[in-house]
Structures are given as C-alpha cells and as structure tokens.
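Using the sequences plus the hints, can you model the full thing?
For the protein sequence lines, the chains are R and X, in the order given.
Quick note on numbering: the first sequence equals residues 1 to 608 in my numbering.
Quick note on numbering: the second sequence equals residues 1001 to 1250 in my numbering.
It is worth saying that the hints were derived from the structure and are not from the lab.
Since this is a predicted model, take the numbers as computed values, not measurements.
Careful: at least some of the hints might be erroneous.
Simulated restraints, written as ranges between beta carbons of each label pair [unchecked claim]:
1. X/I1215 <-> R/A587: 13 to 23 Å
2. R/T533 <-> X/H1124: 30 to 40 Å
3. X/D1008 <-> R/T206: 57 to 67 Å
4. X/D1008 <-> R/A59: 47 to 57 Å
5. R/K574 <-> X/I1215: 42 to 52 Å
6. R/Q373 <-> X/E1076: 31 to 41 Å
7. R/D520 <-> X/A1080: 55 to 65 Å
8. X/E1076 <-> R/D244: 24 to 34 Å
9. X/E1157 <-> R/G326: 36 to 46 Å
10. R/S571 <-> X/G1009: 47 to 57 Å
11. R/E121 <-> X/H1124: 27 to 37 Å
Below, simulated PhoX-like cross-link-like pairs (lysine-lysine); rule was C-alpha separation at most 25 Å, straight line [as the list claims (entries may be wrong)]:
12. R/K355 <-> X/K1161
13. X/K1185 <-> R/K81
14. R/K32 <-> X/K1041
15. X/K1173 <-> R/K32
16. R/K355 <-> X/K1206
17. X/K1173 <-> R/K81
18. X/K1161 <-> R/K32
19. X/K1173 <-> X/K1185
20. R/K355 <-> X/K1207
From the three backbone atoms N, C-alpha and C, an ideal C-beta is built for every residue, glycine too.
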Amino acid sequence: MLPDANPIYGESPRCDLHADLHEIVARHCGEKTNLLQLLIEVQACAGYIPADAASYIAATLDIPRARIESVASFYSFLHLKPVGEYRVLFSDNITDRMLGNQDLMEQMCRQLWLQPGKVSEDGLLTINTTSCTGMCDQGPAMLVNGHAITRLSSQRIQEIGQLIRNRTPVAEWPADYFKIENNIRRGGLILDNKLAYGEVLQTTKTITPETIISTIKDSNLRGRGGAGFPTGMKWEACSNAEGDAHYVVCNADEGEPGTFKDRVLLTRHPDLVFEGMTLCARAVGAKKGFLYLRGEYRYLLSHLQGVLQRRRDSELLGENILGEQGFDFDIEIHLGAGAYICGEESALIESLEGKRGVPRNRPPFPVTHGYLQQPTAVDNVETFCQAVMAMHMGAAAYRAIGTEKSSGSKLISVSGDCASPGIYEYPFGVTVRQILTDCGAVNTRAVQVSGPSGICIGEHEFDRKLGFEDLPTAGAFMVFDDSRDMFEVARNFVHFFAHESCGFCTPCRVGTSMLKQTMDKVAAGHGTQHDLTEIENLDHVLQTTSHCGLGRTACNPVLHTLKHFRPAYESRLKSLDFEPAFDLDGALARARQMTGRDDAGAHLKESE
Amino acid sequence: MTDTFQLDGATVPFEPGQTVMQAALAADHYIPHLCYHPEFKPHGSCKLCTVKVNGRTMASCTMPAEAGLEVESEIEEINALRRTLVKMLFAEGNHFCPSCEKSGNCMLQALGYDLEVHTAGFRHQYPDRPLDASHPDILLDFNRCILCELCVRASSEVDGKNVFALAGRGDTKHLIVNAESGQLKDSNIALTDKAMQVCPVGVILKKRVGFSQPIGERRYDESPISAQALLDAPRPSDAAGDCAACEDAP
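Structure, rendered in structure tokens:
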C-alpha cells in the first residue's frame, strides 16, 4: 500500500505513484537540472523512491540510473528503500537537547516499540534524529513526513504516538501542532519596514544598473550569510562577467544550527526578499532567479508561491516589469532535501542543477561561472532585504546605521537559556551583553555566536560587539547558562558536522568522523590526555587541508570550548596516558541484548 | 617568455591554464598525489597534494599556477599533514597489504612508504563493504576504495559509459555500479575500458592475473612513487592528443 501523499499542499490524499510519475516528470519538462526537485516529489508522494520509479526517471531524462541513486543518497530526506508510512525526525540541535528532545524521543520509541533508525516491522514508521530544523525558539521540534511540529511535550508525544498507531493522516492532525510563531522580539530597519510591495522597484525601474550597483557599493552593504562579502562588488563582478545568461540566486538554505531569521523573513517579509532579488536582477542583467528553500521549510512553499503569483499579477515579475521594456525577470523556487552543505554557495548551485551538493573547486567563482557555468549572484535572504532598504534610504542614510565597517542592521536568532527566545534586530555594533539583557538571559556561561561554525565566547568576552570588525555573525545566538556542560555542547556540534560532511575530501570525510569518535570516547569516560592531543591534531588537519568551509570550521566548537572550558574536558579524562578506544564490556552489549540479560554477571568487571 | 613560480627554491616554468601540480610534474618536480591523474581534469579531493602557497595551504592540483608564487612542498609541516591524510585513508577502508594482490602496484601503499607512515595511527573503521564478484572477468573489492573518483571520471569522460558513480555522503560515501541490480555483471563495462586502468589502489581487478607479476618485481618495487610519478607526467613535447591534461599545451 502506498502511504499518504503530501496532504497539506493540496495534493491528492492518496498517491498512486504509477499514475502520477508520468505527470511529475512531465511537469519538470524532463529537465536534468530538475532531477532533485523531481525526486523530492516522488519521495513526498510514495514515501521513498522505488527502484522502478528510479529506472523510469533515468530512462526519461536520459541519464545513467546510478545518478539517481547517487543524487538521492546524498540528501538525508530522500530514501531509496521504504522507511515507513510515518517518518518522524526529531530536531537534534543542542537547543532541542536542552529542552529535553532525547527523553521525548525515548518516550516515543518506548510507546511505539521501536528503535531509533529502524523501520517498524509493520512498515508503519521510523523514528530518527535530524540536524537543526530551524525552530530553536519553539523547540523541541520534529518533522513528520516533512511537516514541522514545534513545542513538543511529553503529552504531545503521547498524542502523536496514538495518531500514528491509528494511522490518522497527518493532514487530520490538530492544526495547533503545526503552528509556527515568528517570535519577533525587537524590530528595526527590516522588521519594522512599512514599504508597500513594489515601492522600491517603482522608483528604481528607470535608473541604470550601474546606479543600482554604485548605490549598493556606497552603502557598504555586506553579505548577511556569514562571510560578509561586499554585496555591491559581487553584483558588479556578476554584471561585468560575460555569459549567455545571468542568474540571481537567493540562498534560503538556512541550515546553520541555531539560525531561524530567514524563516521569519520569508514568512513575514517575502515581498522584501523578492523585491531584493528583482533589484539584483536589474543590476546584473538576469532574467531568471532561484530561491533555494531548505527542505525543513517546505511548509512555506505554497505561501511563497502565492506571493510570487501575486507579484506576477501586479507586474512585479514577468516580462516588462512595471511597464519597463526589456525588464524581464521571474523566480522559481527549488527545494533542498536535508543537506547543510548546500548552504555553501557553489554546493547550492550544484544542487540547483539537480546534482549532489558538493562544493566546487574555486576559482572560478559563481559570479563568473555559477548556475550552468553562467554568471550568478548568490546572496542570503537577509542580504536581499537589506539591499532594498539601502536602495530605498540612499547609501549615506543606510551607511549611518551600524558601525564604520558594518553598515545597516542585523537579525539575530536568539535561542537557548533565556526568557524570550526569538528574533531581535539591532544595528551592527551591539554588544553581546546587551542582547543577553534584552532576551532575559541570566547566569550565562557562554554564547555560541553564528552557530557551530562560528565562535563560542565566555563571560569575559560579553562586551564584544557584533559586526565584521569584531564578532562577525550569520545570526545565530545560542545562550548557555551555568548549568550547561560545554563539553556536551561541543560534542553535539561535532556530531552535526560529521553528519553533514559531504565526504568529498579526505580530511573532512574521515576527520569529522574521527573527531566524533574521539569526543564520544571522552564522553564515555575512556578519554586520556592522548585523546586531547589527538583532537588538536585532527583540528589542525581539518583546518588546513579541507576543501571548503565546512571542514575548516568543523573543529571550531572543540577549539573554542577547549580554550575557554578545558576543565569540562579534563574532568572526564582517566588519569592515564593511553586508554584503548575498544571497550571490552561494550563489545558484549549485543550478546546481552540477544540473551535479554543485564545483570552484573553479564558485565565484565571494571579493571582499575 | 614563459612565466615562472618558485617551488621549494626551484624555478618552475608554466603555461597559461596549468595548475601548480601540472607545471611541477612537467618540470620534473614531484608533488605527492592520489586522485590526480595526468589525463584527467584535476579533482582535488584526496588533498595529498596540499602545498603551502604564499603561506596558505592549498591543493596544488587545482591551484592555478601564477607568476611569482612561492610554493613549499617538501617541508616537514606539509609532509606531516600528508602523513595524517594517508593514515586517515588507511583507517577508513579495509587495507590488508600483505594479502592484497595490488601490493607493490598500489599508490596508497607506495605513498605510505614514501612518507614513512608506519602505522595507521587512527582507530580502524572496519567498514562493511561486500565484494562484487558477479562479473566473469572482473572483481570489485570495495574494501580498498579511497573514493578518488578516477574510475567514475574515466568511465564517463573516456569510455562514455558511466559504469561507476558515488553514492551516500560523509562517512557513508561509497562507490556504486550503474545497474538496477547494482552488480557489475549487469553493467556494460569491458576489459579494455579506461576505467579498468585507473584505480590507484586495488578495487577494480582483472580476474585470474593477480599474481602473474611476482611481488618484488612490481612497479613500486623498482623505484619509489616519487620517481614513478615523474615517468608518467606529461611533457609539453609529448604527442598532442595522448593526454587530456596537456591538450592545450603547444
């Protein structure tokens, strides 16, 4: 029997893949670049990608069949084998853990008689963890068949377990489960903007691309995705690059754990985002744009498509925008499917082309050789919003906000140990301490600024300022109070990087996995001084030889916590120079499980 | 006049479009590598060819050569990184050199000797990677795969067949065969394919000839990989068309 289709998006409640497959492929015009989109639809319809569907798609698209397997197996939300009618994924960011997700998952596994990662014998469900789903301000969170559920509690888990047992379609579950709050705590330039949609395009439609680029350059706007590259320079380089076509890409693959501001922008201010993309298109001469939306935010798809359609109807997209001859631009939304690495711009472009999201060798850079090797401007959701405001206010007025090298405002996603988690907008230059005060954080031990790949700072650094001069940030701000174990925080992040490594280069593929094992060894009480040296050695190799930023920053959480909170590590070490990673007693676990024994006689004595 | 850069104090000339690795090999300077092959577009995944360029570590196979670069390769700091990478590869797969029929002809083993890697140093991962012996003439021993993608590239770019592909990601990344059954016997591979010739380790093996060349008389028994790699390196004077990597050279 085929499982539920994708009920929330108005598709048929029961999917007959064999009938629909032809239509799905046809809808994507048999384009190879749409392979990932096609696979996502098959997955949503059938619950997995059946072998005969893969063969059919390969034959129709005229691609090797192995490519289907190759692409599908790269993305964690796609499956080549049946994984249950209900696919339950607990968000496993450290903030979810702090809110008790592990107990809830255990409760659900007990209730439904299931082990994590295993398909139940009746094929009803799987329960597993997934990387941060971007709901850190309203966790613990989960995804059920791709639908986000927030504010999990023991009672809610109990109810969900019952609904699954009764095979109630997800569409009939209480709407309250799927309610997602914006939690805007402090507005500013972007969040309080009163622009009517199309307003800025109306005033800029007649000015030259060069004027747009020079205004953005003069505004000192820098990318909000983390790297902080000057936006005007990027647009200029893209505009100057020769190609058959130019493209604009909005990076809405907000995967950095602890970040959720783009989700709020796309919910509350989608017009600002699309207006920014259209402005960019005018500047670089693009006729086509993509919004790459992370799979976890799939629930926003119909809302965003509605906004796009309204903009088309209002002459803000399509041919001759606002009556301006030759100003043609339209936007297509592509979905991701559970791969953090696709937030890296060249990996994102590979994914847009329907491939595995492996970062490219650079140079050449996307501004000259991006989507289909054509000049492409890739910017973050928030960057496009800021560009519209800079254009609206004028460069000088925009530059007056923030600090000398960091102009404008920044949206901060606050989560963790504080009274009011949510979105805060500040001019650049705000201190960490100010944010902590505003969000009601007390007894704060540490803040993870800009997510696991960012920096972990301790109390003596709380007067540092957010901005490119001091503490650059993509927006995540996770607060840990003095009850938290910073070793466990780092270990969670290390697991995240190992899970998300694309596996292309040796240091990251093997190194993140070794780092994870060493951290687990220390956590299990088998660590020694030697392991800390080993961690430092792995960090060095990752930092110096990795192919992309993921590998190079994968060791940051450990490096920073070792620097500030070394006792959290050392208190776990055995006072030995060497301790084998092999755990004799642990090796008997399987035998204990098979014999159903767990008494003292079934364990080896700890030899001291 | 051709431009030059410095490699460990030596002056290396290069043609426009060449990478640091290509120019170095053409000028008789060895830089360790595994996933680089003179006949294919540089790929940059193994990172064994990491060098220091003007103080920054870069993969030399993908780094475009530029006039005046200061490249350091044969220095302890870089060789220490390479040693760790080789150890990682040994620990990641199931490599048992004494019983491997590729012993003496294996680039990973030869690099290990050249860099004086005496032990894997890391905890062995012992991945479960079943063999594929389905094909009458060819054996696939995935245990030894280092995921360099040379067979993938050879099959697609030279043979035009796409017999191989990579699946999974991170530590679950693995080599797969293009067939609904997943078995090599159901693919269109042929013994004469380029994909049969490029595996630097012992994954793709011709059956029944494993030991026809005695151990002790094999490629890396004669001279170390640092010398052998230079013999393979394309020279600007080579016949045009022989080597994809030097097609653009005059």
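Hint check:
1. X/I1215 <-> R/A587: 13 to 23 Å: The hinted range 13 to 23 Å is violated for X/I1215 and R/A587, with Cβ atoms some 35 Å apart.
2. R/T533 <-> X/H1124: 30 to 40 Å: Violated: the Cβ-Cβ distance is about 19 Å, outside 30 to 40 Å.
3. X/D1008 <-> R/T206: 57 to 67 Å: holds (59 Å)
4. X/D1008 <-> R/A59: 47 to 57 Å: holds (53 Å)
5. R/K574 <-> X/I1215: 42 to 52 Å: The hint (42 to 52 Å, Cβ to Cβ) holds, given that R/K574 and X/I1215 are roughly 43 Å apart.
6. R/Q373 <-> X/E1076: 31 to 41 Å: holds (40 Å)
7. R/D520 <-> X/A1080: 55 to 65 Å: violated (26 Å)
8. X/E1076 <-> R/D244: 24 to 34 Å: violated (48 Å)
9. X/E1157 <-> R/G326: 36 to 46 Å: Holds, since X/E1157 and R/G326 (Cβ atoms, about 40 Å apart) stay within the stated range.
10. R/S571 <-> X/G1009: 47 to 57 Å: Since the Cβ atoms of R/S571 and X/G1009 sit about 49 Å apart, the hinted range of 47 to 57 Å holds.
11. R/E121 <-> X/H1124: 27 to 37 Å: Between R/E121 and X/H1124, where Cβ atoms are some 33 Å apart, the hint holds.
12. R/K355 <-> X/K1161: holds (18 Å)
13. X/K1185 <-> R/K81: Status holds; Cα separation ~23 Å.
14. R/K32 <-> X/K1041: Since the Cα atoms of R/K32 and X/K1041 sit roughly 23 Å apart, the hinted pair holds (cutoff 25 Å).
15. X/K1173 <-> R/K32: holds (23 Å)
16. R/K355 <-> X/K1206: violated (32 Å)
17. X/K1173 <-> R/K81: Holds, at about 17 Å.
18. X/K1161 <-> R/K32: It holds: about 18 Å lies between the C-alpha atoms, which stays within 25 Å.
19. X/K1173 <-> X/K1185: holds (22 Å)
20. R/K355 <-> X/K1207: violated (34 Å)
When the structure is compared with the earlier hints, violations turn up for hints 1, 2, 7, 8, 16 and 20 and for no others.
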